[in-house]
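Use the sequences and the hints to build the structure in full.
Here the sequence shown is numbered in my numbering, starting from 1 and rising by one per residue.
No wet-lab data here; the hints were simulated from the structure. Treat the hints with caution; some may be incorrect.
[To be verified] Label-pair restraints from in silico Cβ distances:
| hint | residue 1 | residue 2 | range |
| --- | --- | --- | --- |
| 1 | E42 | V14 | 40 to 48 Å |
| 2 | K68 | A2 | 58 to 66 Å |
| 3 | E51 | S7 | 33 to 41 Å |
We put the CB at the ideal spot given by N, CA and C, even for glycine.
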Amino acid sequence: MAETVISVRVEKSVHGQMQLHDEINWSGVLRSAIDKKLDELESIDTKRAQEAVAETAKLRKAKVFANKKLAEEIIREWRDKRK
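Dropping the structure here:
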(Lines of atoms letter the chains of each structure in order from A and count residues from 1; the text may use other names and numbers.)
(Lines give C-alpha, C1' and ligand atoms only; values in the text may rest on other atoms or scores of the structure.)
Protein backbone atom coordinates (compact mmCIF):
# COMPACT_ATOMS: atom_id res chain seq x y z
CA MET A 1 0.00 0.00 0.00
CA ALA A 2 1.44 3.35 -1.01
CA GLU A 3 1.41 5.95 1.70
CA THR A 4 1.51 9.73 1.70
CA VAL A 5 2.90 11.90 4.45
CA ILE A 6 0.74 14.70 5.81
CA SER A 7 1.46 17.11 8.63
CA VAL A 8 -0.86 18.43 11.30
CA ARG A 9 -0.53 21.63 13.29
CA VAL A 10 -1.56 21.58 16.94
CA GLU A 11 -1.30 24.14 19.72
CA LYS A 12 1.94 24.05 21.68
CA SER A 13 0.03 23.09 24.81
CA VAL A 14 -1.51 20.11 23.01
CA HIS A 15 1.90 19.07 21.74
CA GLY A 16 3.25 19.28 25.28
CA GLN A 17 0.47 17.02 26.53
CA MET A 18 1.13 14.58 23.70
CA GLN A 19 4.79 14.42 24.68
CA LEU A 20 3.76 13.45 28.21
CA HIS A 21 2.15 10.36 26.68
CA ASP A 22 4.90 9.18 24.37
CA GLU A 23 3.69 5.60 24.80
CA ILE A 24 0.81 6.46 22.45
CA ASN A 25 1.30 6.13 18.71
CA TRP A 26 -0.18 9.52 17.79
CA SER A 27 0.14 8.84 14.06
CA GLY A 28 -1.97 5.73 14.57
CA VAL A 29 -4.55 7.72 16.53
CA LEU A 30 -4.82 10.24 13.71
CA ARG A 31 -5.04 7.52 11.03
CA SER A 32 -7.85 5.83 12.97
CA ALA A 33 -9.72 9.10 13.41
CA ILE A 34 -9.44 9.87 9.69
CA ASP A 35 -10.61 6.35 8.73
CA LYS A 36 -13.55 6.60 11.15
CA LYS A 37 -14.62 9.98 9.77
CA LEU A 38 -14.42 8.73 6.19
CA ASP A 39 -16.55 5.71 7.12
CA GLU A 40 -19.12 8.04 8.72
CA LEU A 41 -19.25 10.18 5.60
CA GLU A 42 -19.74 7.18 3.35
CA SER A 43 -22.48 5.74 5.55
CA ILE A 44 -24.26 9.10 5.69
CA ASP A 45 -24.39 9.25 1.91
CA THR A 46 -25.72 5.70 1.72
CA LYS A 47 -28.27 6.37 4.43
CA ARG A 48 -29.45 9.57 2.75
CA ALA A 49 -29.73 7.80 -0.58
CA GLN A 50 -31.82 5.01 0.95
CA GLU A 51 -34.08 7.57 2.63
CA ALA A 52 -34.53 9.39 -0.67
CA VAL A 53 -35.48 6.15 -2.43
CA ALA A 54 -38.03 5.33 0.27
CA GLU A 55 -39.51 8.84 0.13
CA THR A 56 -39.73 8.72 -3.65
CA ALA A 57 -41.53 5.37 -3.48
CA LYS A 58 -44.05 6.85 -1.03
CA LEU A 59 -44.65 9.84 -3.28
CA ARG A 60 -45.17 7.65 -6.32
CA LYS A 61 -47.91 5.71 -4.51
CA ALA A 62 -49.56 8.73 -2.90
CA LYS A 63 -52.82 9.93 -4.38
CA VAL A 64 -52.22 13.56 -3.61
CA PHE A 65 -54.02 15.20 -6.50
CA ALA A 66 -57.59 16.46 -6.38
CA ASN A 67 -58.78 13.66 -8.66
CA LYS A 68 -56.97 11.06 -6.52
CA LYS A 69 -54.73 9.88 -9.33
CA LEU A 70 -51.27 8.48 -8.80
CA ALA A 71 -48.37 10.73 -9.72
CA GLU A 72 -47.33 8.29 -12.43
CA GLU A 73 -50.82 8.50 -13.97
CA ILE A 74 -50.60 12.29 -14.13
CA ILE A 75 -47.13 12.10 -15.68
CA ARG A 76 -48.33 9.60 -18.29
CA GLU A 77 -51.27 11.86 -19.21
CA TRP A 78 -49.00 14.85 -19.69
CA ARG A 79 -46.57 12.83 -21.78
CA ASP A 80 -49.38 11.54 -23.94
CA LYS A 81 -50.70 15.11 -24.45
CA ARG A 82 -47.31 16.16 -25.86
CA LYS A 83 -47.44 13.59 -28.64
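Now for the hints, and whether the structure bears them out:
no., hint, in the structure
1, E42 - V14: 40 to 48 Å, "violated (29 Å)"
2, K68 - A2: 58 to 66 Å, "holds (60 Å)"
3, E51 - S7: 33 to 41 Å, "holds (38 Å)"
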